[in-house]
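> Chains A and B, in that order, are what the protein sequence lines are.
Residue 320 is where the first sequence ends in the numbering used here, and the numbering goes up by one at each step.
Residue 320 is where the second sequence ends in the numbering used here, and the numbering goes up by one at each step.
Don't read these hints as lab results, they were simulated from the structure.
Any given hint might turn out to be false.
[Unchecked claim] If you want the footprint, here are the derived chain B segments under chain A, 3+ residues with CB under 8 Å: (1) 123–133; (2) 136–147; (3) 201–207; (4) 217–231; (5) 247–260.
Note that the structure is a prediction, hence the values are computed from the model and not measured.
Glycine included, every Cβ here is placed at the ideal spot set by N, Cα and C.
One-letter residues, chain by chain:
Protein chains: 2
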Amino acid sequence: MKKDTQNDYALIALDWGTSSLRCYRFNAQGEVVERRGHPWGIMNLPAVEVGDDPQAPFRAALHSACGDWMQAAPEAPLIAAGMVGSKQGWREAPYLTIPLAPDRIGRKLTQVDTGAGRPLYIVPGLLQVSTLPNVMRGEETQVVGALRQYRDDELLIGLPGTHSKWVRVTHGRIQHFDTFMTGEVYGALSAHTILGRTMQKPDAPDDAAFMRGARVAQTVEGQAGVLSNIFSSRTLGLTGELDAAAQPDYLSGLLIGHELAALKSMTTVHRQRIVLIGDAGLCRRYRLALELYSMGPVNVAEEATEAGLWLLAQHAGLVN
Amino acid sequence: MKKDTQNDYALIALDWGTSSLRCYRFNAQGEVVERRGHPWGIMNLPAVEVGDDPQAPFRAALHSACGDWMQAAPEAPLIAAGMVGSKQGWREAPYLTIPLAPDRIGRKLTQVDTGAGRPLYIVPGLLQVSTLPNVMRGEETQVVGALRQYRDDELLIGLPGTHSKWVRVTHGRIQHFDTFMTGEVYGALSAHTILGRTMQKPDAPDDAAFMRGARVAQTVEGQAGVLSNIFSSRTLGLTGELDAAAQPDYLSGLLIGHELAALKSMTTVHRQRIVLIGDAGLCRRYRLALELYSMGPVNVAEEATEAGLWLLAQHAGLVN
Numbered sequence: 001m002k003k004d005t006q007n008d009y010a011l012i013a014l015d016w017g018t019s020s021l022r023c024y025r026f027n028a029q030g031e032v033v034e035r036r037g038h039p040w041g042i043m044n045l046p047a048v049e050v051g052d053d054p055q056a057p058f059r060a061a062l063h064s065a066c067g068d069w070m071q072a073a074p075e076a077p078l079i080a081a082g083m084v085g086s087k088q089g090w091r092e093a094p095y096l097t098i099p100l101a102p103d104r105i106g107r108k109l110t111q112v113d114t115g116a117g118r119p120l121y122i123v124p125g126l127l128q129v130s131t132l133p134n135v136m137r138g139e140e141t142q143v144v145g146a147l148r149q150y151r152d153d154e155l156l157i158g159l160p161g162t163h164s165k166w167v168r169v170t171h172g173r174i175q176h177f178d179t180f181m182t183g184e185v186y187g188a189l190s191a192h193t194i195l196g197r198t199m200q201k202p203d204a205p206d207d208a209a210f211m212r213g214a215r216v217a218q219t220v221e222g223q224a225g226v227l228s229n230i231f232s233s234r235t236l237g238l239t240g241e242l243d244a245a246a247q248p249d250y251l252s253g254l255l256i257g258h259e260l261a262a263l264k265s266m267t268t269v270h271r272q273r274i275v276l277i278g279d280a281g282l283c284r285r286y287r288l289a290l291e292l293y294s295m296g297p298v299n300v301a302e303e304a305t306e307a308g309l310w311l312l313a314q315h316a317g318l319v320n
Numbered sequence: 001m002k003k004d005t006q007n008d009y010a011l012i013a014l015d016w017g018t019s020s021l022r023c024y025r026f027n028a029q030g031e032v033v034e035r036r037g038h039p040w041g042i043m044n045l046p047a048v049e050v051g052d053d054p055q056a057p058f059r060a061a062l063h064s065a066c067g068d069w070m071q072a073a074p075e076a077p078l079i080a081a082g083m084v085g086s087k088q089g090w091r092e093a094p095y096l097t098i099p100l101a102p103d104r105i106g107r108k109l110t111q112v113d114t115g116a117g118r119p120l121y122i123v124p125g126l127l128q129v130s131t132l133p134n135v136m137r138g139e140e141t142q143v144v145g146a147l148r149q150y151r152d153d154e155l156l157i158g159l160p161g162t163h164s165k166w167v168r169v170t171h172g173r174i175q176h177f178d179t180f181m182t183g184e185v186y187g188a189l190s191a192h193t194i195l196g197r198t199m200q201k202p203d204a205p206d207d208a209a210f211m212r213g214a215r216v217a218q219t220v221e222g223q224a225g226v227l228s229n230i231f232s233s234r235t236l237g238l239t240g241e242l243d244a245a246a247q248p249d250y251l252s253g254l255l256i257g258h259e260l261a262a263l264k265s266m267t268t269v270h271r272q273r274i275v276l277i278g279d280a281g282l283c284r285r286y287r288l289a290l291e292l293y294s295m296g297p298v299n300v301a302e303e304a305t306e307a308g309l310w311l312l313a314q315h316a317g318l319v320n
């Protein structure tokens, strides 16, 4: 095994969310040399023995996760994106308002003292000031990463998940975004309403059930809206038309179909390129549903978080 | 106090749901002489000491609730509506399919042996066979009760609640109905998603916040749909535009607004009469939102359950 040199410690970067802390070590060429995952999201920090310094648990998490990297490379800059910059995080990194050019984000980092002789630079989230405002924190970094690879004049970047984000990029500027609480609503309906009571977890993903659900929003029944359509997960079960094990994927498809139908109704550009970022299984599902709604062409961006952290550090002047 | 006679025990009627058991004693004129409420819904039956007869807890609940009435009037017929007739109830009372004339419901009651020398007659629920089927159980009785009072050629009966039902009645026939899981979705979002975390319970109902939410579905922002719009309960809080104590009513209005916008888009009859049945506070809220959506005129039906139980017993030939 080749011994690491200072060249292999050009940047220590963190994707620090609500439920997990992911760490990346980059070499001077901007390649990830090592990656680590910890469960120390900002809502799940390690216990600290003494004192009531609210920063102590963050410091403890950072040192546990990458203390050896920091020691090996006392000069390596530290950057973090995600909920660590929220009000509930280590230090609030104020939102930047859109529209904006993505290379401006890296110039507005917020510093926090790590207690180890160098600051941690925290990436700001984005705010869309509108009648119903929208915010993101963490996804901006993935968008920056994806934009390295895709440079279409009109681009729609989709980040499916607990809260799906759909970001419209026009001539390289982040122009607009929408949030859909699809993933979290799915979880709450499955675990905490009558719909969950007749469901059984399937052995394998049931694409047929998913697509049956996804289709509803584009039919005449879809007109009744999502608050009404979801009840069919139960009633199709009652009438023997939908197995218990098909109900979870049916409901998931139903919600995602309504998300895409709404998104399509708001999209003025015909057949623009869509870039998906996120969990592979979920991206596969969204791709199926996007095809059903005649949206796309669809690409899936790889390692957008890593690419985004490196680019933001570049824009900040932390790395060359 | 006038002593009750057999005339005051013409019918013992039960509204027996998932979480409660309500009992009504009628005189021969069809007036309620006495009413009682118990927490013994079918999911919360009293514990029975011995035996594994699945009917025993139902018998125990019935005798605890109205044993004295049954003893005072050995001839009085017993009728029950609600989830007691579901698969999880005392005995399944098979669904009747719509369209149908409401006086046919009382002719299809299901008997169960009370163990006290007379049967309990259970009212069937209604099933709408359609691409996405719909069911109701208990609400059919309230609809029958309301139809005693309102006889318009075209009528829309609304039963807001955990699952809101909207029933279209044409020339006295139950023609169509829709279900919206509005109440249950509201509960799940408030208790089990990030939206609840920034909410505070208000001291009094905040009609301004409710109406602000209710309006969203009819604005251009409403196009993003309910899965997206609900996120604004949080973001308007983050930007200081919506107090924590205003968020519950705002979210409630937002969901009800989407329910009514969908309902209106499916309604072909202009300005038909709407009759609301249910909790007074909730009916007041729906009336405000219906006015906002230029729907109605709106009436609120009183004691629809009691009237419906009496009428169904009449149609069944149990009372004169």
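> Now, for every hint given, state plainly whether the structure supports it.
Hints versus structure:
no., hint, result
1, 123–133, "holds (count 6)"
2, 136–147, "violated (count 0)"
3, 201–207, "violated (count 0)"
4, 217–231, "holds (count 11)"
5, 247–260, "holds (count 3)"
Hints 2, 3 from the earlier list are contradicted by this structure; the remaining hints agree with it.
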